[in-house]
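Visitor: My request is simple: use the sequences and hints to build the entire structure.
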Amino acid sequence: MTAPLFKVSDLKKSYGAIRAVGGVSFEVMPGEIFGVIGPNGSGKTTLFNSVLGQIRPDAGTIELNGHDITGLSPLQLNRRGVGRTFQTLQVFAKMSVRDNLLVAAQEHRGTMIGRMLAPGDSGLGSKADALIAQFRIGHVAHKKAGELSYGQQKLVDIAMAFMSDPSLVLLDEPCAGVNPSLVGGISDLLKQLNRAGDAERKRSSFIVIEHNMDFVMDLCHRILVMVEGMVMAIGTPSEIRANKQVLDAYLGN
Amino acid sequence: MFTKRGLVIGVVCLAALLAVPPFLKNYGVYLFTYWAIFVIANMGLNLTVGYAGQKSLGHAAFFGLGAYSVAILMKAGFSFWLGLPVAAVGCFVIGLAVGFPALRVQTIYLAFATLGFNTLVWLVMRNEQWLTGGTFGINGIGRPALFGVSFDGNLAYYYFVLAFALVLCFLLWRLLASPWGKAFTALRDNPIRAESLGVNVQAYTLLSFAIGAAYAGIAGALLASLVQFVEPVPFTVGASIMMYLMVVLGGPGYFLGPLLGSAVGVLLPEWLRFAQGWYLFVFGIAVILLMLWLPDGLLSLPERIRARRMARSEAAARAVAAQAGG
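As given, the protein sequences belong to chains A and B, one line each in that order.
Last residue of the first sequence? That's 253 in my numbering, and every number before it is there in order.
Last residue of the second sequence? That's 326 in my numbering, and every number before it is there in order.
Each statement offered as a hint is correct.
Distance ranges between label pairs, derived from CB positions:
hint, chain 1, residue 1, chain 2, residue 2, range
1, B, T119, A, R203, 55 to 61 Å
2, B, V233, A, R56, 45 to 51 Å
3, A, H139, B, V8, 26 to 32 Å
Read the hints as simulated data drawn from the structure, not as lab findings.
Small disclaimer: the values here were computed from a predicted structure and weren't measured.
Virtual Cβ for every residue (Gly too), placed ideally from N, Cα, C.
Guide: Here is the structure:
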């Protein structure tokens, strides 16, 4: 059996007397797309924020490739190959789409002084162009990101997370607020990115928080259901669909 | 980065800067020199405020530190060529230190922290008479020479300052065209996202202050030799606010914004001399109107016109399409 890429053990976080996450454990295998679902207030975002260094968990450990990464800052996590998108749009509004992609990976190249003397695209131009083509945003590549439609910005946002060849990407509601016709497109792109594992690009694993059940069931290999800060179930989409407890608590009939 | 039209405008402006001053009287040459010095200082502030988004209201303190460095060292018998690097490096280091509050507080709170720093520096200039001459200042500051060429004359000194402005302009342009430029802008637009993409937000914040401060230090050094006299008055908090205003008027985050902003800040008061006592009133009204009309500064005007033209042509295209469809 292969070793897990990512491992969370008994993670806990409380806000005063309110327990947001109460002992969550799970593993993500290399190349896996792992979904996290649950009703509002079930602790998904707290779990994400603890994993991503935005907040410090009270207890528990987080490991990436067998190394303890608990409590590292977002910057340190990114340098170790953890990418992310945010629930709300987070593009650099006044920079062009292409520059948004370039800045998303340039800090992984060379030293600070080296970057001062480097060409503007840090040698990442062709890579940015390839992602722009893959995401079909070529026609707006030189527009300011803030001038694009919401859906287009969402695509830029996701593309940015993949510029630095992360081994793990955490996607916080990639479909929130997106036109239903684009949801399928995002799903296809994520599947492509997950499959692409050639010599140049390592295969990425994803953790996805999402409320759109069709999207999650179609995309994810395994799904974790969180309810009131605890793990209710972990399993394949068909197992989750068949789980009586989950149906009662969350999915409904 | 530059369009053909931009290049033509740049060449014409440069030619004017080179060719016009010899035909001016001493006061005109002085104003051109004064403007070029403010361009240097405000290019630095534009990096801190316009590109990196750090609201600093302490820029005049660095301007003053640069001026006093040269004044004190030259009075002590040292060369301008020692004073200048001391001003630049000294301000860079102090700028790094002043950047630290920016790692904790932002926006108006950062503005107040930097304003406090400015007040502190100003008090030292005014009260430490043994070093700074207090309110009487330091006079009789000389002008530099290089390889036997003296820049004593007003016109010669103007070209000397202009050369500095051009070199510093080029260096900043190179810096902003490098990956650093994108990192600064990312820091301004969205620091949380920037950090999640591996941008060392703290390092870039401190550097934006330090480099901006170094530019102000060099400008201050050049000012001391221009006026040949330093006193605390030009380096008050009010002066910092004026510099901030110049950057905002020109267009923060526009590379050439400081050229225009400094022209407005330096020349408009001169043109408004006819208004005498009303000068500040007229200037204030002009600034308010400009900010209402062009909140992103004068250099946002071409972009606005382009956006409006594009919206119009898109609307026309839609109308045609609608007609064809109907």
